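Chains E and H supply the protein sequences, listed in that same order.
With the numbering used here, letter number 222 in the first sequence gets 222, and the count goes up by one each step, no holes.
With the numbering used here, letter number 90 in the second sequence gets 498, and the count goes up by one each step, no holes.
No lab work stands behind these hints: they were computed from the structure.
This one's a predicted model, so the numbers in the text were calculated from it and none came from an experiment.
Wrong hints could be hidden among the right ones.
In silico EDC-like cross-links for lysine to aspartate or glutamate, where the CA-CA straight-line distance does not exceed 16 Å [said to hold, decoys possible]: (1) E:Lys-354 <-> H:Asp-627; (2) H:Lys-762 <-> E:Asp-94; (3) E:Lys-30 <-> E:Glu-124; (4) E:Lys-260 <-> E:Asp-249; (5) H:Lys-668 <-> H:Glu-626; (6) E:Lys-137 <-> E:Glu-102; (7) H:Lys-762 <-> E:Glu-340; (8) H:Lys-762 <-> H:Glu-751; (9) E:Lys-354 <-> H:Glu-751; (10) H:Lys-707 <-> H:Asp-627; (11) E:Lys-30 <-> E:Glu-102; (12) E:Lys-299 <-> E:Glu-218.
Stretch by stretch, here's where chain H covers chain E in the computed footprint (C-beta under 8 Å, at least three residues) [what the hints assert, rightly or not]: (13) 40-51; (14) 55-68; (15) 114-127; (16) 227-238; (17) 317-331; (18) 345-359; (19) 389-398.
Backbone N, C-alpha and C fix where the C-beta goes; we use that ideal spot for every residue, glycine too.
As a plain string of letters, each chain reads:
2 protein chains.
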Amino acid sequence: MPVNLPVFTPAQIHPVPGVSLGTAMAGIRKANRRDVLLVTIAEGASVAGVFTQNRFCAAPVQVCREHLQQGAAVRALVFNTGCANAGTGALGLDNARASCAEVARLLGVQAHQVLPFSTGVILEHLPMDRLLPGLPKAQADLAESHWSEAAQAIMTTDTVPKCRSRQLRIGDHLVTITGISKGAGMIRPNMATMLGMLATDAAVAPALLQAWVREIAEDSFNRVTVDGDTSTNDSFVMIATGRSGLRIDSPADAGAPELKAALTAVAQELAQALVRDGEGATKFISIRVEQAGSMDEAKAIAYAIAHSPLVKTAFFASDPNLGRILCAIGYAGVQDLAVEQLELYLDDVLVAAKGGRHPDYLEEQGQAVLRQSEITIRVVLHRGQVNTTVWTCDLSHDYVSINADYRS
Amino acid sequence: MPVNLPVFTPAQIHPVPGVSLGTAMAGIRKANRRDVLLVTIAEGASVAGVFTQNRFCAAPVQVCREHLQQGAAVRALVFNTGCANAGTGALGLDNARASCAEVARLLGVQAHQVLPFSTGVILEHLPMDRLLPGLPKAQADLAESHWSEAAQAIMTTDTVPKCRSRQLRIGDHLVTITGISKGAGMIRPNMATMLGMLATDAAVAPALLQAWVREIAEDSFNRVTVDGDTSTNDSFVMIATGRSGLRIDSPADAGAPELKAALTAVAQELAQALVRDGEGATKFISIRVEQAGSMDEAKAIAYAIAHSPLVKTAFFASDPNLGRILCAIGYAGVQDLAVEQLELYLDDVLVAAKGGRHPDYLEEQGQAVLRQSEITIRVVLHRGQVNTTVWTCDLSHDYVSINADYRS
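So here's chain E without its partners, still in its complex pose (with noise of 0.2 Å):
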């Protein structure tokens, strides 16, 4: 069973103003299910994105970059499912800007203003005489209250589709804020993960709001993973409308500190969603390392144990089996690591000290804590000031399933 958080109803989704969304059945890969996504962005609002740092980067990624490199504004994003565009040459980038070309005629802007993401099975072309047909029916469908229908359309071994909003104050402006996401297998995004979307209606200068998508992505898309697996088209974009009549500047500017908060709190909500409904999950792992002597050390420590598939299987047996996760820490690659002088934490149940097993550690507090679906695993290593946390999920049988019968 996945550990997902409950499902936004569309009374909890609040639109953002200058953002509209349009879904479309375009049989794909499978027929009667949305796999066309439409998003307009009106006039003025800034858009920015970060991609996969993986070299083997899906057509649409390059066009995406591309596009974003010639700095006109961006005026749509065009989704698919059920085919990544990824492993497929220059066939690929033709088809890619093909798809842009045809929305851009369609909204009569400029192809460069449209940016395209994919995805779905690598090394098959996209079913071009399929997806165009798709897109006219998707912006016959445009309202900027079909958030909900967006975050399914761009769903594929997901379980739940993935959504969150908020509203908050910031000075005179109501701000809003709402984002979509999906992924639940080959996830460890690096820069971002596929088909991020976050948008508000807060304006926030083009310079910055780069800056932001880049940081924002630091501490949530890239802080998680299921199996270790970087896609070829991870994306993640920011937009902002500047509807709500709230300007940020720079990062000096009043609401500037709370609207990044905002923002990074529901980034971290919808890459959280990813782990939460990771392929076979059962689990939902927070692994915090404190006191690192830097980032690197951190995040390796961290991901060493998110990714190993012994600590995954125990979790996933509910089994203490602790010493794999020291195992994972020893391995991790930080080479002056003093094991006698870190601490390993389950929750709040002291593990291993000094080397070892602690000696008022009893195996029934580690299963109490097995058997709950959501665990902080934390190392306290004493050697810095830096702090950090990856969220990942159990490995199980149903992992295995999905992934041995994904394209059947």
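Start from chain E and add chain H according to the hints.
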């Protein structure tokens, strides 16, 4: 079903003059199974070892390093299964040293001439009240012919004992090489794997043997991975007794290349045996990276493929979802990799080139290769002259079952 090669019969296993082996059932973790192995080594032999790079290395690994540093001739090895004596702090060191002292007392040698090895659960203490009484029983069982029983005594989740042996003529001398190994999970050796031992009756000068043990481990145990989890206890020892009459003092000596090649070949068979019997394995996968610019990048790409849960589950399903291999190549961390320039082969089938699927590649071809139980993935980078091979297995339901139930 594991992809094991046939177990060597006693008739195929050649004793190594100067090496005796004795086993006992000490009930360390389970009753009625061999779980203690004592190996005695005749005077005049050279012994060298390499050990895990895990910072949480087990107490016996620390004691092995201490004893080898003292430089006295090693006269005995003592192994136990059922408890790794890792994550056990000061008491763990005391217990490992006490085991050596007891062996030394029984054999009339010094404690620092004994090397200890343990494998099993981490974070638990050695049951000395059961281990110590097992040692005289193992001593009473000592014989040069007991290699099969020795291989059985060091098994944990292994489904078959792992022993390989060969004889070859070098110059005027008939030389014997025989070794054992164990391990099926927590396998990504980093210097050597838990409990590999290789003996020959050639004489090899101690400094040369120490160089060879590193080089041979690098080409054998350091090229296999099951789950990427580098154990706390990895240990690989080589013993050269000199009884055959062949004497090698320098790599330039007559017979040195033949001897080293034969030792490497047996070490590779023992290392591959770990993967063939990898926890839950149903496929034996060789990942060959050719024409890399450096060994670092060749290894990075090979291990990225070998550790990808998505690649491993696709192979388990015999599903040629080969975009997952490209994805892993892409995130291996080779920053300037031009993906348009590499080729991906499955056995002899060209799957991808020029950044995408090869136009002649047919799904049925990939399917035919994937149905085999032994498969080679070949990546040709065209960046330089370095080649390497890593051996791994697939990820199946049984891996999850075995590791979810390991302690029960």
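Structure-based check of all given hints:
no.: 1; hint: E:Lys-354 <-> H:Asp-627; result: 35 Å, violated
no.: 2; hint: H:Lys-762 <-> E:Asp-94; result: 15 Å, holds
no.: 3; hint: E:Lys-30 <-> E:Glu-124; result: 15 Å, holds
no.: 4; hint: E:Lys-260 <-> E:Asp-249; result: 12 Å, holds
no.: 5; hint: H:Lys-668 <-> H:Glu-626; result: 13 Å, holds
no.: 6; hint: E:Lys-137 <-> E:Glu-102; result: 12 Å, holds
no.: 7; hint: H:Lys-762 <-> E:Glu-340; result: 50 Å, violated
no.: 8; hint: H:Lys-762 <-> H:Glu-751; result: 7 Å, holds
no.: 9; hint: E:Lys-354 <-> H:Glu-751; result: 49 Å, violated
no.: 10; hint: H:Lys-707 <-> H:Asp-627; result: 12 Å, holds
no.: 11; hint: E:Lys-30 <-> E:Glu-102; result: 22 Å, violated
no.: 12; hint: E:Lys-299 <-> E:Glu-218; result: 11 Å, holds
no.: 13; hint: 40-51; result: violated (count 0)
no.: 14; hint: 55-68; result: holds (count 3)
no.: 15; hint: 114-127; result: holds (count 4)
no.: 16; hint: 227-238; result: holds (count 6)
no.: 17; hint: 317-331; result: holds (count 12)
no.: 18; hint: 345-359; result: holds (count 5)
no.: 19; hint: 389-398; result: holds (count 3)
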